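A.B. asks: Given next are the chains, with one letter for each unit.
There are 2 protein chains.
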Amino acid sequence: MPASNKFDNLRVVLVAARNPLNIGAAARAMSNFGFRHLRVVNPYQVAFREARSAVHATDLLAQAQEYATVAEAIADCRLVVGTTAIRHRELQHPLKVLKDGARIILKRLPASPVALLFGSERFGLSNDDMSHCHWLMHIPTRDDHISMNLGQAVAVCLYELARETKIAISKKEDATAPARELDRMTALLVETLLKSEFINTRTAPSSEEKLRRMVRRLNLRQGDAELWLGILRQILWKMNASEKAGPRETRKS
Amino acid sequence: MPASNKFDNLRVVLVAARNPLNIGAAARAMSNFGFRHLRVVNPYQVAFREARSAVHATDLLAQAQEYATVAEAIADCRLVVGTTAIRHRELQHPLKVLKDGARIILKRLPASPVALLFGSERFGLSNDDMSHCHWLMHIPTRDDHISMNLGQAVAVCLYELARETKIAISKKEDATAPARELDRMTALLVETLLKSEFINTRTAPSSEEKLRRMVRRLNLRQGDAELWLGILRQILWKMNASEKAGPRETRKS
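Order-wise, the sequence lines are chains A and B. Position one of the first sequence corresponds to residue 1 (our numbering), numbered consecutively onward. Position one of the second sequence corresponds to residue 1 (our numbering), numbered consecutively onward.
The set of hints was computed from the structure by calculation and includes no laboratory data. Being a predicted model, the structure only gives us computed values, none of them experimental. Hints are not guaranteed to be accurate.
Copies of the same chain look alike in the list, so a pair counts if it fits in one copy or across any two.
Below, computed lysine-lysine pairings styled on DSSO-like, alpha-carbon distance capped at 27 Å [claimed, not checked]:
#1 244 to 99
#2 96 to 195
#3 107 to 6
#4 6 to 210
#5 195 to 244
#6 96 to 210
#7 99 to 6
#8 107 to 244
#9 244 to 96
#10 96 to 6
#11 244 to 210
#12 6 to 244
#13 6 to 195
Kindly produce the complete structure, drawing on both the sequences and the hints.
C.D. replies: So this is what it looks like as structure tokens:
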């Protein structure tokens with residue numbers, strides 16, 4: 001494996017993969033096409049690291065990083081792309097066909113860590129998983145048989161990324177906010193909206209999912225994300241201060 | 001499976017495949033991308049037809065035709081293409097990279113049966129197998145790891161053939177918010193930030209300019225702009241209500 005390469009910024013993230021053979025096959029395809037950062041969220045079987053299917057990719061598999069949540073697995077990424085077989089359910093996200101999506105990913109890779117998410121063999125990515133994504137991408141399969149084997153889907157996506165070696169790449173520094181900050185902003189927004197009674201604790205989880213998607217749609221730059229964090233903290237402080245001012249006044253009189 | 005399609009002239013020929021799971025995976029990928037004529041030459045295991053990996057492709061696998069020799073398997077084909085991982089041995093054949101080879105195959109398919117050969121997992125196609133081919137094709141993998149899993153290699157080749165197919169994607173109207181709403185949002189944001197003392201009246205004009213730019217950078221959709229207007233109105237209401245609560249309490253006591 002070379003010391004570094006143009007694909008080093010890609011993180012292949014397998015979410016809740018069931019079958020270790022598929023994880024191994026994903027590792028093998030990664031090695032075939034020159035990708036090396038595999039991240040695994042909640043695999044069903046802890047023994048995945050021994051998967052025999054990782055032919056010539058055992059090192060890559062051994063170095064895979066394990067996470068408990070999608071949020072942690074993508075925290076350092078500035079672009080988060082989910083893969084899905086589904087095209088016609090009311091997706092809450094922009095959907096791009098693989099070759100168009102790959103072009104965008106390739107433009108971003110030289111400057112930014114990018115996460116490419118694959119869901120479980122049975123269910124794909126959940127709505128909650130998708131809410132962490134900026135957009136979704138699908139492989140153009142036949143309408144009557146859209147569900148691909150996980151290892152094959154990974155191979156096809158990585159092939160598409162590696163297919164064009166000569167792609168004009170903008171080397172401007174990527175000013176997009178990393179997922180970690182978008183997560184903080186989402187959390188603060190939820191807190192603010194609870195405090196201001198825009199949402200309530202009963203509906204908070206589904207609201208949070210909606211808000212998470214909305215925040216991703218904003219395409220925030222780093223500086224803007226910081227500005228929003230400051231704004232929301234200040235609003236929260238003010239609402240708390242005003243509340244306390246009430247009783248304090250009462251005590252004084 | 002449709003009655004007939006533009007890929008009906010392609011025969012995917014697996015020569016001496018060892019692992020039934022790979023044969024099943026090849027069948028699945030064929031079904032995914034709309035190919036249906038699988039031919040098998042001397043499979044190592046006769047039980048390949050029951051391969052569980054042929055998810056949603058059991059019919060295709062059941063109808064696979066079995067041959068004793070490559071010559072028989074390709075007898076009706078007018079173009080025979082072999083796949084190989086190897087690039088540098090003294091190949092006796094013209095070698096094309098997948099995307100260029102696929103283009104030629106696509107041109108021939110409407111008029112002629114074309115065979116696409118894949119060799120065994122361990123050895124690939126033999127020189128004898130290759131001698132039946134018009135030319136060879138390889139998937140552009142990393143020089144240090146050229147050997148792909150058979151099922152993945154089939155998936156990648158068929159993806160390349162199907163790649164240019166235009167699949168209608170429902171293009172949901174993605175209406176951007178009109179300037180009027182962005183203006184309202186900016187005004188409400190300024191009001192909220194004054195109220196929460198994030199900015200003050202002295203610096204408000206220059207802050208407003210910055211905020212206006214920032215709001216434009218968000219590229220808000222109509223629905224999101226409305227959401228933000230609701231959020232900001234609620235926060236303002238809450239901050240005002242909390243402030244009033246103070247004096248009211250005071251009066252009561």
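A.B. asks: Decide, hint by hint, whether the structure agrees.
C.D. replies: Hints, verified against the model:
| no. | hint | result |
| --- | --- | --- |
| 1 | 244 to 99 | neither (56 Å within a copy, 57 Å between copies) |
| 2 | 96 to 195 | neither (37 Å within a copy, 42 Å between copies) |
| 3 | 107 to 6 | within (11 Å within a copy, 33 Å between copies) |
| 4 | 6 to 210 | neither (34 Å within a copy, 36 Å between copies) |
| 5 | 195 to 244 | both (13 Å within a copy, 16 Å between copies) |
| 6 | 96 to 210 | within (20 Å within a copy, 33 Å between copies) |
| 7 | 99 to 6 | both (18 Å within a copy, 21 Å between copies) |
| 8 | 107 to 244 | neither (50 Å within a copy, 53 Å between copies) |
| 9 | 244 to 96 | neither (49 Å within a copy, 50 Å between copies) |
| 10 | 96 to 6 | both (23 Å within a copy, 24 Å between copies) |
| 11 | 244 to 210 | neither (31 Å within a copy, 32 Å between copies) |
| 12 | 6 to 244 | neither (54 Å within a copy, 59 Å between copies) |
| 13 | 6 to 195 | neither (45 Å within a copy, 48 Å between copies) |
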